Amino acid sequence: AGAVEGILDDLTDSGNVARGVYTSGKPRPQWVNKANLEQIHRLTMRYLKRELAACAPYEVVDFMTRWQHLHPATRLSGPEGLRKVIRQLQGIELVTGAIEPEMLAGRVADYKPEMLERLIAAGEVCWRRIGVDGVKRGRLTLCIRKDMPWLAAGAPVKFDTLEQADADIPEVILAVRDYFRRNRTAFFDDVVAETGLDADAVMRSVWYLAWCGELTCDTYECVRHSNFQVTLSACYDLDSTPRKILSGRITAARLIRQMNRRKLDPRLGRWWATERLVPPKEPLPAKTVLRKWGGQLLRRWGIVSRDILAIESAAPPWGALAAEFKRLELLGKVTRGYFIEGHQGAQYGLPEAVELLRDCRARRSDGKELGYLPDEPLMCVTSRDPANLYAWCLDVVEQRGQALQRRMRRGNLIHRLILQAGQVLIYEDAQLAELSRRQLFRCLQQLQHDFAGREVTLRFRSWNGHPIDVSPVAAVLWELGFRFDGRGEMVWPAPARPAKTIPDGPIQDAFLPHYAEPAPVEYGPDWLLRRASDRIRPTAAALLELLSAETAGDGWEAEWTPQNVVWRYR
227 AGAVEGILDD LTDSGNVARG VYTSGKPRPQ WVNKANLEQI HRLTMRYLKR
277 ELAACAPYEV VDFMTRWQHL HPATRLSGPE GLRKVIRQLQ GIELVTGAIE
327 PEMLAGRVAD YKPEMLERLI AAGEVCWRRI GVDGVKRGRL TLCIRKDMPW
377 LAAGAPVKFD TLEQADADIP EVILAVRDYF RRNRTAFFDD VVAETGLDAD
427 AVMRSVWYLA WCGELTCDTY ECVRHSNFQV TLSACYDLDS TPRKILSGRI
477 TAARLIRQMN RRKLDPRLGR WWATERLVPP KEPLPAKTVL RKWGGQLLRR
527 WGIVSRDILA IESAAPPWGA LAAEFKRLEL LGKVTRGYFI EGHQGAQYGL
577 PEAVELLRDC RARRSDGKEL GYLPDEPLMC VTSRDPANLY AWCLDVVEQR
627 GQALQRRMRR GNLIHRLILQ AGQVLIYEDA QLAELSRRQL FRCLQQLQHD
677 FAGREVTLRF RSWNGHPIDV SPVAAVLWEL GFRFDGRGEM VWPAPARPAK
727 TIPDGPIQDA FLPHYAEPAP VEYGPDWLLR RASDRIRPTA AALLELLSAE
777 TAGDGWEAEW TPQNVVWRYR
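Each residue of the sequence shown is one higher than the one before, starting from 227 at the first, in this note's numbering.
Treat each hint with caution, since some may be false.
Stated by the list, open to error - Heads up, simulated DSS-like pairs for lysine-lysine below, C-alpha to C-alpha not over 30 Å straight-line:
| id | residue 1 | residue 2 |
| --- | --- | --- |
| 1 | 310 | 552 |
| 2 | 362 | 507 |
| 3 | 594 | 559 |
| 4 | 384 | 559 |
| 5 | 559 | 372 |
| 6 | 384 | 252 |
| 7 | 338 | 470 |
| 8 | 372 | 252 |
| 9 | 384 | 372 |
| 10 | 338 | 384 |
| 11 | 362 | 384 |
| 12 | 559 | 513 |
| 13 | 372 | 260 |
| 14 | 252 | 489 |
| 15 | 470 | 372 |
| 16 | 310 | 470 |
| 17 | 518 | 470 |
| 18 | 507 | 260 |
| 19 | 372 | 507 |
| 20 | 260 | 310 |
| 21 | 513 | 552 |
| 22 | 384 | 552 |
| 23 | 470 | 260 |
| 24 | 362 | 372 |
| 25 | 384 | 260 |
| 26 | 489 | 518 |
| 27 | 372 | 310 |
Hints in this document: simulated from the structure, not taken from any laboratory. These numbers were taken from a predicted model, which means no experiment stands behind them.
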């Protein structure tokens, strides 16, 4: 047997034979002539293509929420569940404000912060930046510590740490960087004492190097309470830069106050240099990195396409990965097909992922049931969650079967969606499906708390494009505890001093989607003047009278909306 296996291994090395597992219940490993394997694969693909056509966006999102354990039916629990989630999502960078309350608490039913701290203290898990496109303050990924070397080697870094250093302290950043290059690891106070540099400048330098991916810390507590909701500038706001410190427009003390307000405490834990700052003596072979990343992407997404790869911030290029997926295809470990509607080019999926996707097709009867399903759970998903492919590469489909027109998929705004079996029932303040009062109540209820059980601040100025104070939905929001504030918005949690406004519209049992709901009031001159304040009402009335006189001739037509009026000449 040993001699035969030796011959087969020689044939495998020559490329004429493939080694793998091809028949269940038989001794392993198994060998097959590559020409025969390719023929088997072609026949199998023909069968699978007939059995599974490309899936619609809602079917893909239903699949992804289940695959990534965000769906209530597939959520995990305990430390082992947390390990599995981190292993699956490592390499995806999120702002810190989304990592625990959304990504982890949404997937691990009993998640508590101390669970993550134990894994970090045990040396199993670490946090860091691996993105290659630039300095992103407030974004990071959780990863298995032993996987860091290949995770960070997926793509070359495209920015220079020193070129992008804070303009007012480049020498301090260079000194701190050199200190860690020599010493590898240190507590913050030791860095200050041994370099003799200003503690505030060292604090800024340490965090800058962390946002570059060159440093990390052995505790998550130092960054846990920063609650970044967006990536920020070097002054930890949205617009100021260190050049304003040099010009005297702002002070460095203001920047430190910003950092302290965000509870970025570098004294919590020991800092250590990553391989970006101290490269290993023997870099990992490119083939090893590619194979590790290929397996990671399949583990994360189940089905990988070029469009899905665009979500990644540190993965190898598609051309290299496609070759790896083809290798896995020949070994019978992945299936190639056209799984996701609208995604171009080859798509590769794990057999168990293709099977799960097939199951998700049956829930909405091939697109015939795009409304509320009584037996399916509801969930609130934000535009930051990696399972929400609507934020990246899929269209939101309304109940009538048309794609929702959106100006923005991603960005600094946080979009909240109510999903049911992958279908979006509510997108921000727009209803995409017809709902009964009880169904709408249940949907809105999902918006009020995050997965960690914390209250989410919500403000509704309008609903389905109509002002909230005249919308029939106001009564449902009132029932849920929303109250009007002084600006006429309905707010949750209720403001300390709510306005005295109470919804007085008729109680409805059915609520139509935004494209079918009739206007709750007649919009026109009287409407506009009633909404104007006492101070500007006379001016507004005079202006409307002038415009009406100027457009009184044939061919002019006024189009009134809740916000304005447009005169069109036809």
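How the hints compare with the structure:
Our distance criterion of 30 Å between C-alpha atoms is met by residue 310 and residue 552, whose separation comes to about 26 Å. Between residue 362 and residue 507 the alpha-carbon distance is near 28 Å, which keeps this suggested pair within the 30 Å criterion. Annotation: proposed proximity of residue 594 to residue 559 is violated, straight-line Cα distance about 34 Å (limit 30 Å). With a C-alpha separation of about 33 Å, the suggested pairing of residue 384 with residue 559 is violated against the 30 Å cut-off.
Using a Cα cut-off of 30 Å, the hinted pair residue 559 and residue 372 holds, with the two alpha carbons roughly 24 Å apart. Note on residue 384 and residue 252: the hinted pairing is violated, with a Cα-Cα distance of about 49 Å set against a maximum of 30 Å. Between residue 338 and residue 470, the direct Cα distance comes to roughly 41 Å. Violation of the 30 Å bound is thereby established for this hinted pair. As the CA atoms of residue 372 and residue 252 are separated by approximately 34 Å, the hinted pair breaks the 30 Å bound.
For the hint linking residue 384 to residue 372, the alpha-carbon distance of about 24 Å falls within 30 Å, and the restraint holds. Proposed proximity of residue 338 and residue 384 is contradicted: the alpha carbons are some 36 Å apart, above 30 Å. With a CA separation close to 13 Å, the supplied pair residue 362 and residue 384 stays within the 30 Å bound. Under the criterion of a C-alpha separation no larger than 30 Å, the hint pairing residue 559 with residue 513 is consistent with the structure, at around 18 Å.
A distance of roughly 35 Å separates the Cα atoms of residue 372 and residue 260; the hinted pair therefore is violated under the 30 Å criterion. Restraint check: the Cα-Cα separation between residue 252 and residue 489 comes to about 58 Å, which exceeds 30 Å; the hinted pair is violated. Taken as a hint, the residue 470 and residue 372 pair is broken in the structure, with Cα atoms around 41 Å apart against an allowance of 30 Å. Between the alpha carbons of residue 310 and residue 470 the distance comes to roughly 45 Å, so the proposed pair goes past 30 Å and is violated.
Taking the CA atoms of residue 518 and residue 470, the gap is near 44 Å; set against the 30 Å cutoff, the hint is violated. For the given pair, residue 507 sits about 38 Å from residue 260 by alpha-carbon distance, which is inconsistent with the 30 Å threshold. Restraint check for residue 372 and residue 507: satisfied, since their Cα atoms lie roughly 17 Å apart, inside the 30 Å limit. The suggested pairing of residue 260 with residue 310 is violated, with an alpha-carbon distance near 35 Å, which exceeds 30 Å.
For the proposed pair residue 513 and residue 552, the alpha carbon gap of about 14 Å is at most 30 Å, so the pair holds. The hinted pair formed by residue 384 and residue 552 meets the criterion: a straight-line CA distance of about 28 Å does not exceed 30 Å. Only pairs whose Cα atoms come within 30 Å are accepted, and residue 470 paired with residue 260 is rejected, the gap being roughly 64 Å. For the hint pairing residue 362 with residue 372, the CA-to-CA distance comes to about 24 Å; that is within 30 Å, so the pair holds.
For a cut-off of 30 Å, the pair hint linking residue 384 to residue 260 is broken: about 40 Å separates their Cα positions. About 36 Å separates the Cα atoms of residue 489 and residue 518, which puts this hinted pair outside 30 Å; it is violated. Annotation: proposed proximity of residue 372 to residue 310 holds, straight-line Cα distance about 14 Å (limit 30 Å).
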